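> Here is how the chains run, residue by residue.
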Amino acid sequence: MARIDLNEIAHSYKPNPQGPDDYALKRIHTTWDDGGAYALLGPSGCGKTTMLNIISGLLEPSQGQILYDGKDVSKLPPEKRNIAQVFQFPVLYDTMTVYENLAFPLKNRKVPKDEIHKRVLEIAEILDLSPDLNKKAAGLSADAKQKISLGRGLVRSDVAAILFDEPLTVIDPHLKWQLRRKLKEIHKRFKLTLIYVTHDQVEAMTFADKIVVMYEGELVQIGTPEELFENPEHTFVGYFIGSPGMNLMECTVSGGVARAAGMDIPVSGVGTRRAEEASGKQKVEVGIRPMYLDVREPDAEGLPARIINVEDLGSAKIVTLEFGDTTVKARVPEDKALPAEECKLFFPPEKTKVFIDGRLAK
Amino acid sequence: MQKWADNRAWFLILPVFLVVAFSAIIPLMTVVNYSVQDILGPGMSVFVGSEWYKEVLHNPRLHDALFRQLTFSFCVLAIEIPLGVGVALTLPRKKGVWASTCLVLLALPLLIPWNVVGTIWVMFSRPDIGLAGVTLNEIFHFPYNYTADPLHSWLTVLVMDVWHWTPLIVLLGYAGLQAIPEAYYQAAKIDGASRFAVFRYIQLPKMRGVLLIALLLRFMDSFMIYTEPFVLTGGGPGNSTTFLSQFLTRLAVGQFDVGPAAAFSLIYFLIVLLFCFVFYTTIVNLGKGEAQ
Numbered sequence: 001m002a003r004i005d006l007n008e009i010a011h012s013y014k015p016n017p018q019g020p021d022d023y024a025l026k027r028i029h030t031t032w033d034d035g036g037a038y039a040l041l042g043p044s045g046c047g048k049t050t051m052l053n054i055i056s057g058l059l060e061p062s063q064g065q066i067l068y069d070g071k072d073v074s075k076l077p078p079e080k081r082n083i084a085q086v087f088q089f090p091v092l093y094d095t096m097t098v099y100e101n102l103a104f105p106l107k108n109r110k111v112p113k114d115e116i117h118k119r120v121l122e123i124a125e126i127l128d129l130s131p132d133l134n135k136k137a138a139g140l141s142a143d144a145k146q147k148i149s150l151g152r153g154l155v156r157s158d159v160a161a162i163l164f165d166e167p168l169t170v171i172d173p174h175l176k177w178q179l180r181r182k183l184k185e186i187h188k189r190f191k192l193t194l195i196y197v198t199h200d201q202v203e204a205m206t207f208a209d210k211i212v213v214m215y216e217g218e219l220v221q222i223g224t225p226e227e228l229f230e231n232p233e234h235t236f237v238g239y240f241i242g243s244p245g246m247n248l249m250e251c252t253v254s255g256g257v258a259r260a261a262g263m264d265i266p267v268s269g270v271g272t273r274r275a276e277e278a279s280g281k282q283k284v285e286v287g288i289r290p291m292y293l294d295v296r297e298p299d300a301e302g303l304p305a306r307i308i309n310v311e312d313l314g315s316a317k318i319v320t321l322e323f324g325d326t327t328v329k330a331r332v333p334e335d336k337a338l339p340a341e342e343c344k345l346f347f348p349p350e351k352t353k354v355f356i357d358g359r360l361a362k
Numbered sequence: 001m002q003k004w005a006d007n008r009a010w011f012l013i014l015p016v017f018l019v020v021a022f023s024a025i026i027p028l029m030t031v032v033n034y035s036v037q038d039i040l041g042p043g044m045s046v047f048v049g050s051e052w053y054k055e056v057l058h059n060p061r062l063h064d065a066l067f068r069q070l071t072f073s074f075c076v077l078a079i080e081i082p083l084g085v086g087v088a089l090t091l092p093r094k095k096g097v098w099a100s101t102c103l104v105l106l107a108l109p110l111l112i113p114w115n116v117v118g119t120i121w122v123m124f125s126r127p128d129i130g131l132a133g134v135t136l137n138e139i140f141h142f143p144y145n146y147t148a149d150p151l152h153s154w155l156t157v158l159v160m161d162v163w164h165w166t167p168l169i170v171l172l173g174y175a176g177l178q179a180i181p182e183a184y185y186q187a188a189k190i191d192g193a194s195r196f197a198v199f200r201y202i203q204l205p206k207m208r209g210v211l212l213i214a215l216l217l218r219f220m221d222s223f224m225i226y227t228e229p230f231v232l233t234g235g236g237p238g239n240s241t242t243f244l245s246q247f248l249t250r251l252a253v254g255q256f257d258v259g260p261a262a263a264f265s266l267i268y269f270l271i272v273l274l275f276c277f278v279f280y281t282t283i284v285n286l287g288k289g290e291a292q
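Line by line, the protein sequences are chains B and F. For what it's worth, the numbering used here labels the leading residue of the first sequence as 1, then goes sequentially. For what it's worth, the numbering used here labels the leading residue of the second sequence as 1, then goes sequentially.
To be clear, the hints were calculated from the coordinates, so they are not data collected in a lab. A portion of the hints provided could be inaccurate.
[What the hints assert, rightly or not] Simulated crosslink set (DSS-like; lysine-lysine; CA at most 25 angstroms straight-line): (1) B:176 - B:188; (2) B:14 - F:95; (3) B:113 - F:189; (4) F:189 - B:107; (5) B:75 - F:54.
[As the list claims (entries may be wrong)] Examples of chain B residues toward chain F, derived with CB under 8 angstroms: (6) 94; (7) 95; (8) 171; (9) 351.
Values in this document were obtained by computation on a predicted structure and should not be read as measured data. Ideal placement from N, C-alpha and C gives every residue a C-beta, glycine not left out.
Okay, chain F solo, but in the shape it has when bound (with noise of 0.2 angstroms):
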């Protein structure tokens, strides 16, 4: 195909330069303004450099967060995953009302609001009337309290987001096994392997792609978990349950300490930044290794 060396065409990129200008560059860049200014009232700032970037980084308190932010993400894809790809292979392979009826039912949790979650959650913990709470505390004399313990308040959160998000990895984890021609199940049979060889030789590496969507996916969203903990015990006992998202709440529309903020809001940017990087890279190239 011969191609044209024509810089007018410049301009046909322009509508979408002006949109992402709007949508994207524009906010970005009033979060770089305050981070280097410190800002004292209406009209009263001064230009500050990168001394809140110092500050934020060498913040303990951040520290925590993040530390329990990468615990947090870790135990979330450690458990989800495998569980996901485990229910999806328990899942009839053949199409009929069963199977249809199964992903059904798997994923309502999906349609269900973050907030809703976290409210049917605060439900159904509490100690004096939940049902999982009054159970663990009256049937199995355990006692389970999320907002005194702290362990417990992190545990409860763990649980509902494997709850809330397990059902996306089954989906796409049957959407894969589904993809897999039958023949490489009968060629499996002749050659005689075991139910785990078909596992671990044809399923695993069919699903690897929307695999690591999946772990891409939840990465990310578990990453700036919000919501769940904040209604159910807004970052505590302590800060038990302060992930990154509710530290930077705290420090911009708590204590409206927004230079500080400003500053955390761009490395957390380039966190999720960063990872997303190593995953599309690694997505691309997985399809590169297999063509040549």
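Okay, chain B solo, but in the shape it has when bound (with noise of 0.2 angstroms):
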């Protein structure tokens, strides 16, 4: 069991780092709850990968401490950490039968015999690879092949985390979700904490506890899923979560009221008066989820926009609007009747949010 702490971790590849962009990792400073299964979320080359590799050790930060329940672990090479990592492609011994894929990291750790085959039993029971135990690894199937490289990781007693690297990539949909619950499985049985890259949304959301948004080498938001859809603390989670991602449109705020694209939309909270004060000088965004915008009939009350289009997704529309000079976008309920063309937009105010230079006003 373990909580890891990164304490100002900050990474560059290069050997001389010079202005902030040299850097891979831009000082994080984090703690990973014991027990908890994370997702790490972003974009590709974000930098999840270089902290994954990081907390497990096959990369030593250029700054900063990593510590396991409070004990500094920076300078220990992997195999002295007890963390289990699972690529994105299923690594695994060829030659090697699938029982001695998963005794291999106890025999390397001199564990007697006995105890290494009661436990590669006992691992195998529980991901259902006892049958295959005597089969040769390399003959399996990309799943069970994700499976073994996990069994490799839990055999060992001493795993406190897991890691997983984009993990379900190379793995059928539909038995994407069997191993998925198979991982809630092992994490409810094992209390182990999970960190698992991603960089689909709806895998994180899914697997995760809490969620942690990196963008550009920063941890920019970590929360539960709901959280993140409901109060985006910076534009990239609020278009990055959701589908389609949250409206953005750049502003000015005088009096309560968000003047973008040329129109008036009506913002209230704390942040406003920050907004108002950085109006100007800094960048300055009023954003809304396609979900809480409401497309209103003509006569109704709000602001004037036309609709160009429609799509259909089955369980919801997309409208695609014109508003101002620039579009936007709302997801609205199948069954809703929607105006001809001329229509109003509704922004309601508690769900409508502004944001300075990238992050939330308040």
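Got two chains here, each in a separate frame; can you build the complex from them with the hints?
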């Protein structure tokens, strides 16, 4: 069991980093609670894998410390840290049987034979690998291979955290669900800390208790899926999470009104005052989730807009609207009747967020 | 996909058949023709059936040559493969100037023609003026003389071949190593695998394919070695470096025993074919075993 603290971690792949642009990871200071299931979510190249490799010890960070349960492990090699890692592609020892694959980490650690045997059988049972124990690992399907990779981590009794680097990339969609359920089951049973890297938001949301969103080498928000959806702290979280992403428009704020795209959108909340001060000096944006945009009849209260396209997803409709000099998207229920073309858009003030330089004004 | 039964399609492979006929089948048939006849002079030939084959197969000098040949090929493989793999493992894993420089330097012997290799080594090992010869004789007081001592001559050919061809194994092995994804090494680190375990369970299995090809290439090539011993001592001293090719050339060109030479050529060809088949089957089945 372990709580993992990242203490002012920064990493650059260049030997002499000059500016912040040289850093793949920029000053990360966070804690991963013992037994938590975390998803590390972000676009390709945002530093997810770098972060994972620093935690597992495959990479030594340029700056900062990593603590496991308060103990500094920054200088320890991966095999001395009690972590396991599952990679994007199944990594197996081809010449070995499934049994030997699972026993390998224990054999390397000089665990007694009967102890190894007990552990391997136990883990194989949990992962449904028992019937395949004597088969060559190389001949199995991709999902079984990934289970073996996972098993090599679980088999070690000292493992406190398992890191996953986009482990479901090569798995068939219908097996992804099964494997993800298996992961949850294992998480419940062993109370391990799981850190799961992905760029798929659905995967992140179904797997994790908490999602850590990374963007350009920084952690921009840590929260439950609901928190990320309702209260994005960064414009990146806004448009990366949710489908389609948040509507964002550059604006100036004054007197409780955000002026964007030639329209006056009423805003409220504590951030409004700061946004007023920042208007004109910094980049201020107003954002709203497509789900909360209300498309109304032309004679109702709201701001004028024009429907230019409707996509029917079956469960909902995505409406693209011309709004001032820009376009916005709204997600409306399947059964809702839409006006022909001209319409009114209503921005519920409590759902309308204001961002200053990308960050939520508060 | 639907298959069409149309026998006219056979015409399409006619050009290939013609080319193969001219390049392989017709020359081979002339050899077959010689091997069953005793040619006494122009226009005078007697059909002798399998007599030459019997004679050749019972020739003790041929047995000696075959034994020398197999020993030589075995030694070549036993030295070159482990040595080549060893060198490939020490090369830098990351691509860069260093790796390229090493590869180019290592590949230099491969660019040198066989007879030049022979000449270089003749110079190099001469006991009176050669660097190796003089060093062994004068500094280590070891009476090295490849023209007089059969063992020395045999070993010289072996070292020559190792020098010339180990780089090929290195290149193939290095290519095999480069194809291993980084994640394997990372997983091995996390699993606490020792350096030897990484070699035994990751690198060696992943190199298996290229190494089998290397084995095949080196076996075939060493089994047909001709130029190097020819340039060095011409097969001597005595018959110590007379391998199968030397033996055959002497028979056919030296003594003009065309009949036995032709019979032996065919036997030689069958031996090579047999080994090729064995290697080929191994390589093909290797892939199958993994897919199942």
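> With the threshold set at 25 angstroms, check whether the alpha-carbon distance from residue 113 (chain B) to residue 189 (chain F) stays at or below it.
Status holds; Cα separation ~21 angstroms.
> Compare the distance between the alpha carbons of residue 189 (chain F) and residue 107 (chain B) with 25 angstroms, and conclude whether the hinted pair is satisfied.
14 angstroms, holds
> Within a Cα-Cα threshold of 25 angstroms, do residue 176 (chain B) and residue 188 (chain B) meet the stated pairing?
OK: residue 176 (chain B) and residue 188 (chain B) at ~18 angstroms, within 25 angstroms.
> Would the stated hint for residue 351 (chain B) survive a check requiring a Cβ distance to chain F of less than 8 angstroms?
43 angstroms, violated
> Is the interface hint for residue 95 (chain B) satisfied, with its Cβ closer than 8 angstroms to some Cβ of chain F?
Because about 5 angstroms separates residue 95 (chain B) from the closest Cβ in chain F, which is inside the 8 angstroms limit, the hint holds.
> Is the Cα-Cα distance between residue 75 (chain B) and residue 54 (chain F) 25 angstroms or less?
This hinted pair is violated, its Cα atoms lying about 74 angstroms apart.
> Need the status of pair residue 14 (chain B), residue 95 (chain F): alpha-carbon distance at most 25 angstroms?
17 angstroms, holds
> Given residue 94 (chain B) as an interface hint, is its Cβ closer than 8 angstroms to any Cβ of chain F?
5 angstroms, holds
> Taking 8 angstroms as the limit, does the beta-carbon of residue 171 (chain B) come near enough to a beta-carbon in chain F?
16 angstroms, violated
Comparing the model with each earlier hint shows violations of hints 5, 8 and 9; every other hint is respected.
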